[in-house]
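Undergrad: Okay, here's what each chain looks like letter by letter:
There are 2 protein chains.
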Amino acid sequence: MDLFYVLLILLVATRAFGEIAEHVGQPALVGELIAGITLGAIVAEYPGVFPDLVGLAGNEVFVSLTDLGMFLLMLFAGIEMQPHKILQYSGGALVVALGGMALPLALGLGLGWAFLPESDAKLAQCLFIGTALAITAVPATVRILMDLGQLTTRVGQTIISAAVFDDVMSLILLAWLTGLLTFGAPLGFADVALLFGKIALFFAVTTFVGVYVFPRGGRLMHYLKARELEISAVLAGAFAFAVLAEWLALHFIVGAFVAGLYFGRRTIDAESYERVKNTVSAMTFGFLAPIFFASIGLNLDLGALSGAPLFAGLLIACAFFGKIAGAGGAARAAGFSARDATAIGVGMSPRGAVELVIAGIALNAGLFEVVGPGNRIVANLFSAVVVMAVVTTVLSPIILKRVFSNGSDSA
Amino acid sequence: MDLFYVLLILLVATRAFGEIAEHVGQPALVGELIAGITLGAIVAEYPGVFPDLVGLAGNEVFVSLTDLGMFLLMLFAGIEMQPHKILQYSGGALVVALGGMALPLALGLGLGWAFLPESDAKLAQCLFIGTALAITAVPATVRILMDLGQLTTRVGQTIISAAVFDDVMSLILLAWLTGLLTFGAPLGFADVALLFGKIALFFAVTTFVGVYVFPRGGRLMHYLKARELEISAVLAGAFAFAVLAEWLALHFIVGAFVAGLYFGRRTIDAESYERVKNTVSAMTFGFLAPIFFASIGLNLDLGALSGAPLFAGLLIACAFFGKIAGAGGAARAAGFSARDATAIGVGMSPRGAVELVIAGIALNAGLFEVVGPGNRIVANLFSAVVVMAVVTTVLSPIILKRVFSNGSDSA
Numbered sequence: 001m002d003l004f005y006v007l008l009i010l011l012v013a014t015r016a017f018g019e020i021a022e023h024v025g026q027p028a029l030v031g032e033l034i035a036g037i038t039l040g041a042i043v044a045e046y047p048g049v050f051p052d053l054v055g056l057a058g059n060e061v062f063v064s065l066t067d068l069g070m071f072l073l074m075l076f077a078g079i080e081m082q083p084h085k086i087l088q089y090s091g092g093a094l095v096v097a098l099g100g101m102a103l104p105l106a107l108g109l110g111l112g113w114a115f116l117p118e119s120d121a122k123l124a125q126c127l128f129i130g131t132a133l134a135i136t137a138v139p140a141t142v143r144i145l146m147d148l149g150q151l152t153t154r155v156g157q158t159i160i161s162a163a164v165f166d167d168v169m170s171l172i173l174l175a176w177l178t179g180l181l182t183f184g185a186p187l188g189f190a191d192v193a194l195l196f197g198k199i200a201l202f203f204a205v206t207t208f209v210g211v212y213v214f215p216r217g218g219r220l221m222h223y224l225k226a227r228e229l230e231i232s233a234v235l236a237g238a239f240a241f242a243v244l245a246e247w248l249a250l251h252f253i254v255g256a257f258v259a260g261l262y263f264g265r266r267t268i269d270a271e272s273y274e275r276v277k278n279t280v281s282a283m284t285f286g287f288l289a290p291i292f293f294a295s296i297g298l299n300l301d302l303g304a305l306s307g308a309p310l311f312a313g314l315l316i317a318c319a320f321f322g323k324i325a326g327a328g329g330a331a332r333a334a335g336f337s338a339r340d341a342t343a344i345g346v347g348m349s350p351r352g353a354v355e356l357v358i359a360g361i362a363l364n365a366g367l368f369e370v371v372g373p374g375n376r377i378v379a380n381l382f383s384a385v386v387v388m389a390v391v392t393t394v395l396s397p398i399i400l401k402r403v404f405s406n407g408s409d410s411a
Numbered sequence: 001m002d003l004f005y006v007l008l009i010l011l012v013a014t015r016a017f018g019e020i021a022e023h024v025g026q027p028a029l030v031g032e033l034i035a036g037i038t039l040g041a042i043v044a045e046y047p048g049v050f051p052d053l054v055g056l057a058g059n060e061v062f063v064s065l066t067d068l069g070m071f072l073l074m075l076f077a078g079i080e081m082q083p084h085k086i087l088q089y090s091g092g093a094l095v096v097a098l099g100g101m102a103l104p105l106a107l108g109l110g111l112g113w114a115f116l117p118e119s120d121a122k123l124a125q126c127l128f129i130g131t132a133l134a135i136t137a138v139p140a141t142v143r144i145l146m147d148l149g150q151l152t153t154r155v156g157q158t159i160i161s162a163a164v165f166d167d168v169m170s171l172i173l174l175a176w177l178t179g180l181l182t183f184g185a186p187l188g189f190a191d192v193a194l195l196f197g198k199i200a201l202f203f204a205v206t207t208f209v210g211v212y213v214f215p216r217g218g219r220l221m222h223y224l225k226a227r228e229l230e231i232s233a234v235l236a237g238a239f240a241f242a243v244l245a246e247w248l249a250l251h252f253i254v255g256a257f258v259a260g261l262y263f264g265r266r267t268i269d270a271e272s273y274e275r276v277k278n279t280v281s282a283m284t285f286g287f288l289a290p291i292f293f294a295s296i297g298l299n300l301d302l303g304a305l306s307g308a309p310l311f312a313g314l315l316i317a318c319a320f321f322g323k324i325a326g327a328g329g330a331a332r333a334a335g336f337s338a339r340d341a342t343a344i345g346v347g348m349s350p351r352g353a354v355e356l357v358i359a360g361i362a363l364n365a366g367l368f369e370v371v372g373p374g375n376r377i378v379a380n381l382f383s384a385v386v387v388m389a390v391v392t393t394v395l396s397p398i399i400l401k402r403v404f405s406n407g408s409d410s411a
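If you read the sequences in order, they're chains A and B. According to my numbering, the first sequence is numbered sequentially starting from 1. According to my numbering, the second sequence is numbered sequentially starting from 1.
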């Protein structure tokens, strides 16, 4: 692939569509997603128009750039938020996360049980659908809340905390699922205990480093001479947390987010803090985040809409209903107003990005081949999940904007 | 490769070595190069220590990131410089560039003729050595001048203009060489005329777009709503120029540099200009440029020092002598003081990065295999050129700093 040509096309398309989206009153990321979907459709229909974009979604260089985009987005969200607020809302967020996972998981298992043919792989396939419905795409959620200016409100903080809990729990589910796929049996008690131990270790180490080491590093900056060292230090800290997260069975986005959380106005002087924040913002929103959101749209494969329309439609319906009733219901029980509870449910509905990673793991593990192409649902399962991921990511911000603009009991 | 792990190791190593370099009075890039050389040596000796760094120099994702680093560095240099100053010094710079190419080319041809065995490939091999000596690594030169605070002085502007001329001319030489390698005959008159036509077209189109389209785009920004649109616009313009440069037989760095030149304080409002400049500076010096300079060091292969020490030593000597006598002599003739002429010669001596690209093309074309491994010089030619590229890039800034601190007749 010609790197600069691909970046040129994607950057121009996403920023133009994002601008149009804002002019018609929608969040910019809706435009960026549609830019990706449009380019994907053009390439699928006329591969000769943009030969460099053919197969782009699977290109290693491109995937690395979109990973960097996700990384920066989560780092920026962390920088914008405060650790003590996240902690303050964590009780309610945990309830929301549990409700928002349990119902979609149950719906997914039921949907799979009803539609999939009997086979040795049926349990794994049902669990895959359940996991696919249970997750929340944290980077998409973060971006939606930013575009709507709701990241640091009580509702926004609850959504993000719950989405991070969701991400951690979904990785446990995923470990369970890959265990089932690889060894033919779910994880045993010892494996699950080990997994929880690793996750606890991650949060223990990052809290210690964030609270004690980051501020010392910030003070050290005053004695150093090298140019642009602050941004290097923040990136290095976030890379370190991302690597640690991956070693300890978590997704790198959790590491980037936590690193951002512990980088605050008091870590270094106010001027350097603003400079770092401005740089991360420009790199993210001006360059890599649009390309990341375009990549979600580029992955869209509409096969399921003709191959298994009823199943795909039900999957999308379960995706929204599961989060709005599950997470929203839990939020209502935890004392949020009806409007805020709805916003929380909708805000946790996007499945883009993270879903595509999970679907890719399942694809590589051969989950969709077991029954052979004979079964229509199994043959279209991958495509249906991708359609659901893209549709929830495009519609959530549009619905959420309406929810926020109706009524006025926001924090 | 584990992206975040590799970025973490390289960022920490380069920034730490860069900081140490500044504390001992050397430019930061010397430290970054030495960080790359050190990591390369560790990996060569103990591949188990950093398994992710083994073979990194050839990894497609890593090469794309270093290309982005080079791109940003050239864009930033362009933003810092003024087109009319470049034009003002272009007469002198052309003389310097011609002198600085002719002598090294002749020295390289002579060195090859004396050392290489007779074979069908001898002419091509001699031409390769000549080209390898004739080029100047513009990104390295730019960075050295920035680290020394000399980018926008008369000497600095002359060096950069001459280095860009050099880059354009060396691509013509390279086209000639690849023609010789591919078709067994050098380019004919029609091919050379076509090449010149393409290059003229590049400068005509970019001048038109830079002078007439960029300012209109800048004014349009006031009517648009999307976040961080200025940096997207600058990046998109630079990507477009880079793509155009590659279509028209030039290196992408020329495109990035010219795009930066035409982006000035008057293209958009002063505040947005500063913001874009700060962002590009932070992305470049705080993230991708150190990784790019480390990659030059990582490429080092010391085989030639034991296999063909005399040849390697002479090659390095010719590299410095050719530029100091050739470019420096031409500068002296064009009216520069002895000290400034020496500075110009030394400033044009680094061969890192661009050299590695040329050597890679020659390697892929089979230039070093024609005579077989029987000949010591041919077997070590690739390694000798890489050693020369790294040594000139490490030593030039150290020497240049001394030249600038002696005497005081700088502009």
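Simulated from the structure, these hints should not be mistaken for laboratory data. Treat the hints with care, since some could be wrong.
A pair holds if it fits inside one copy or across any two, identical chains being indistinguishable in the list.
Pairs of lysine to aspartate or glutamate, EDC-like flavour, derived with a Cα cap of 20 angstroms [stated by the list, open to error]: (1) K225 x E22; (2) K401 x E22; (3) K198 x E246; (4) K277 x D191; (5) K225 x E19; (6) K225 x D269; (7) K225 x E369; (8) K277 x E60; (9) K198 x E80; (10) K401 x D2; (11) K401 x E19.
Undergrad: Hints first: check each against the structure and report whether it holds.
TA: Cross-check of the supplied hints:
Within a single copy, K225 and E22 get their C-alpha atoms only as close as 42 angstroms, which misses the 20 angstroms cut-off; across copies the closest is 7 angstroms, which meets it. Only within a single protomer do K401 and E22 lie at most 20 angstroms apart by alpha-carbon distance; the minimum there is 12 angstroms, versus 51 angstroms between protomers. Within a single copy, K198 and E246 get their C-alpha atoms as close as 10 angstroms, which meets the 20 angstroms cut-off; across copies the closest is 48 angstroms, which misses it. For a Cα distance limit of 20 angstroms, the shortest separation of K277 from D191 qualifies neither inside one copy, at 40 angstroms, nor across copies, at 50 angstroms.
Taking identical chains as interchangeable, the C-alpha atoms of K225 and E19 lie at most 20 angstroms apart only when they sit on different chains, with a minimum of 7 angstroms there against 40 angstroms within one chain. Taking identical chains as interchangeable, the C-alpha atoms of K225 and D269 lie at most 20 angstroms apart only when both belong to the same chain, with a minimum of 16 angstroms there against 31 angstroms between chains. Taking CA atoms no more than 20 angstroms apart as the test, K225 paired with E369 passes in neither setting, with 58 angstroms inside one copy and 47 angstroms between copies. When the C-alpha separation of K277 and E60 is checked against a cutoff of 20 angstroms, the pair qualifies neither within a copy, at 28 angstroms, nor between copies, at 30 angstroms.
When the C-alpha separation of K198 and E80 is checked against a cutoff of 20 angstroms, the pair qualifies neither within a copy, at 27 angstroms, nor between copies, at 48 angstroms. Proximity of K401 and D2 under a CA criterion of 20 angstroms is satisfied in neither setting, with 38 angstroms inside one chain copy and 38 angstroms between copies. When the C-alpha separation of K401 and E19 is checked against a cutoff of 20 angstroms, the pair qualifies only within one copy, where the shortest distance is 17 angstroms, while the shortest distance between copies is 48 angstroms.
Hint compliance for this structure: hints 4, 7, 8, 9 and 10 are not met, and every other hint is.
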